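Assemble chain Y onto chain X, guided by the hints.
So the protein sequences, as listed, match chains X and Y. Everything in the first sequence is counted per my numbering, starting at 35 for the first residue and increasing by one. Everything in the second sequence is counted per my numbering, starting at 35 for the first residue and increasing by one.
These aren't lab readings, by the way, just hints derived from the structure by calculation. Bear in mind the structure is a predicted one, so any value in this text is a computation, not a measurement. In this text, a Cβ means the ideal position worked out from N, Cα and C, and glycines have one as well. Check the hints yourself; a few may be wrong.
Listed below are several chain Y residues computed to face chain X (Cβ distance under 10 Å; list not exhaustive) [what the hints assert, rightly or not]: (1) Leu118; (2) Ala119; (3) Gln140.
Cβ-Cβ distance ranges computed for the label pairs, FRET-style [said to hold, decoys possible]: (4) Glu65(X) / Ala126(Y): 40 to 50 Å; (5) Leu118(Y) / Thr86(X): 35 to 45 Å; (6) Arg98(Y) / Pro117(X): 23 to 33 Å.
There are 2 protein chains.
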Amino acid sequence: MSPDAVIVFAHGARDPEWAQPIERLAALIAERLPGTRVRCAYLELMQPDLATAVGVLVGEGARRIRIVPAFLAAGGHVKRDLPLAVEGLRRAHEGVELELRPPIGQSDAALAAIAAVFAE
Amino acid sequence: MSPDAVIVFAHGARDPEWAQPIERLAALIAERLPGTRVRCAYLELMQPDLATAVGVLVGEGARRIRIVPAFLAAGGHVKRDLPLAVEGLRRAHEGVELELRPPIGQSDAALAAIAAVFAE
Numbered sequence: 035m036s037p038d039a040v041i042v043f044a045h046g047a048r049d050p051e052w053a054q055p056i057e058r059l060a061a062l063i064a065e066r067l068p069g070t071r072v073r074c075a076y077l078e079l080m081q082p083d084l085a086t087a088v089g090v091l092v093g094e095g096a097r098r099i100r101i102v103p104a105f106l107a108a109g110g111h112v113k114r115d116l117p118l119a120v121e122g123l124r125r126a127h128e129g130v131e132l133e134l135r136p137p138i139g140q141s142d143a144a145l146a147a148i149a150a151v152f153a154e
Numbered sequence: 035m036s037p038d039a040v041i042v043f044a045h046g047a048r049d050p051e052w053a054q055p056i057e058r059l060a061a062l063i064a065e066r067l068p069g070t071r072v073r074c075a076y077l078e079l080m081q082p083d084l085a086t087a088v089g090v091l092v093g094e095g096a097r098r099i100r101i102v103p104a105f106l107a108a109g110g111h112v113k114r115d116l117p118l119a120v121e122g123l124r125r126a127h128e129g130v131e132l133e134l135r136p137p138i139g140q141s142d143a144a145l146a147a148i149a150a151v152f153a154e
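One chain only, chain X, in its complex shape (with noise of 0.2 Å):
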């Protein structure tokens, strides 16, 4: 599908410098992305939580909405807890489509810049 939004969801922390690299992601999917919302949700210790972003973003008109999990490997919150959250979403939000992504650690592609970049 092509999102009319997208939300970078991440873990979250009580240092507010921690959520800079999340933003800055978010910033180069807007840029790649013209005309699509993109917004951060976070898991825990920031704000908003999923479920209130995407309810901005359904208010605001979105009706496909894509989650990128901004995680590199996949622990219990993101394999279990997150479908499960947004499988509840799906059922609050009638005729919203959520698009539930794998996180950045099953994307080859992904892998193999982070590896250049710690390979130079």
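Just chain Y, lined up with the frame of chain X:
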């Protein structure tokens, strides 16, 4: 420096599958640095820890070890604990160079590659 060993330092998790993208990242770095030993080490819940990985590599003859944090964003572990741990390892292994790289999210090239995957 051109390292003779690289340690991919990641968080760790209870689920053994969690480590798959970390191990894949290590393999991709090894492909780019032929002749360089590339190992993984973990902050918690998985083995080996960083001190063990450094110790084994030094025992095997490594003298220039690059530590690359497989973290997207830098929380307290990466910002404070990891530099302190590396300082301690430098004192423990005189004559061994330990280079500590910034985490993934500080590389715009890596973030751009991740953005491209998520925007597709």
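Cross-check of the supplied hints:
1. The closest approach between the C-beta of leucine 118(Y) and any C-beta of chain X is roughly 16 Å, which is over the 10 Å cut-off, so the hint fails.
2. Taking 10 Å as the C-beta contact cut-off toward chain X, the hint placing alanine 119(Y) at the interface is violated, the least distance being around 18 Å.
3. For glutamine 140(Y), the suggested interface contact is upheld, since its CB lies about 7 Å from the closest CB of chain X, less than 10 Å.
4. Remark: the range hint 40 to 50 Å for glutamate 65(X) to alanine 126(Y) is upheld by a beta-carbon distance near 45 Å.
5. A hinted range of 35 to 45 Å holds for the C-beta pair leucine 118(Y) and threonine 86(X), which are about 36 Å apart.
6. Evaluation of the 23 to 33 Å hint for arginine 98(Y) and proline 117(X) yields a failure: the beta carbon distance comes to about 43 Å.
Checked against the numbered hints above, the structure breaks hints 1, 2, 6 and satisfies the rest.
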